[in-house]
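Q: Sequence:
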Amino acid sequence: MLELEHGFRIVDVHARIEPDEQRRARPGLGDPEQLEREMHQAGVVRAVAYPGSREGSYLKANNAVARMSVGRPLVAFARVNGARDAGSGAGSRLRNLRSRRGDDHASPDDVEQYAYDDRFFGFKLHPPKDGIPDEEVLSRLADVGLPVLVHGGESFAPEAVARELLGYEFPVVLAHFGAHPLRVDLMNEAIDLLGSHDDLYLDTSAVRYREPLERAIMEHPDRVLFGSGAPHAHPNVAVMEVLTLDVPEDAMKKVFSNNPVRVVEGLAP
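Per the numbering used here, residue 430 is the first one in the sequence shown, and the count goes up by one each step.
Don't read these hints as lab results, they were simulated from the structure. Where hints are given, some of them may not hold.
Restraint ranges, calculated between C-beta atoms of paired labels, are given here [as the list claims (entries may be wrong)]:
{"hint": "1", "residue 1": "ASP572", "residue 2": "MET647", "range": "32 to 38 Å"}
{"hint": "2", "residue 1": "GLU484", "residue 2": "ASP538", "range": "18 to 24 Å"}
{"hint": "3", "residue 1": "HIS469", "residue 2": "ARG529", "range": "41 to 47 Å"}
Here a beta-carbon is modelled for each residue, glycine too, at the ideal position from N, C-alpha and C.
The whole structure should be built from the sequences, with the hints applied where relevant.
A: Structure representation (structure tokens):
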């Protein structure tokens, strides 16, 4: 794929890589070398990286991602899990009444260790796959105050994000405009939440529609962050989706660099 030419400094708040020993056989799925090459082609100078999903504790995977980030333009986020079910139905509520944190779930001490380890700059939550941390863990996330990248979509809609996470004082970067896979109604719900929650931000990964992207950037120019969603999307494609929007150049600069750097310290020059 040809290298893009543009005059922006671009940083990426959403990319996944895999530890070498656990990487899947098909090339390009979470390969840090390929991600680095694709970032270069797209003019992306730095990216947040986190491990893919797995059973049990994320301790080894998080540490592996931190090691692979050394010497690369990558900023490691620690992935954390929990015992609570992300669903909103009666069955999920009943299960959550009985849920207890296990040895494989992130604890408050884990959060503190990641937060004060200078290899990590934030956290990743994927409630549909990993569950939701309990109140004690979420309170510790608020204490340390690092950004939390949250998968958002049909299985964990914007209203669930507001109910479960936005009462705590830490920056929430809601991936995919809270709408995976491509639910425009959920995108608009997430944009509406920006008006009432100052700690909420939206990342552009896997948002393929111009109208919600332009609406969010024009209405809330300081709250939209560029995310590629690599390796599922090539960074070139993700960058072009923003470059072709009908928004002012200054707004693009905020999305590509100013906003992400303000939220994620490790993305700064």
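Q: Evaluate each hint against the coordinates.
A: Verification of the supplied hints:
Our hint of 32 to 38 Å for ASP572 and MET647 holds, since their Cβ atoms are close to 35 Å apart. Judged by the Cβ atoms, the range 18 to 24 Å given for GLU484 and ASP538 holds: they are separated by roughly 21 Å. Taken as a hint, the range 41 to 47 Å holds for the pair HIS469 and ARG529, whose Cβ atoms sit roughly 46 Å apart.
Checked against the numbered hints above, the structure violates none of them.
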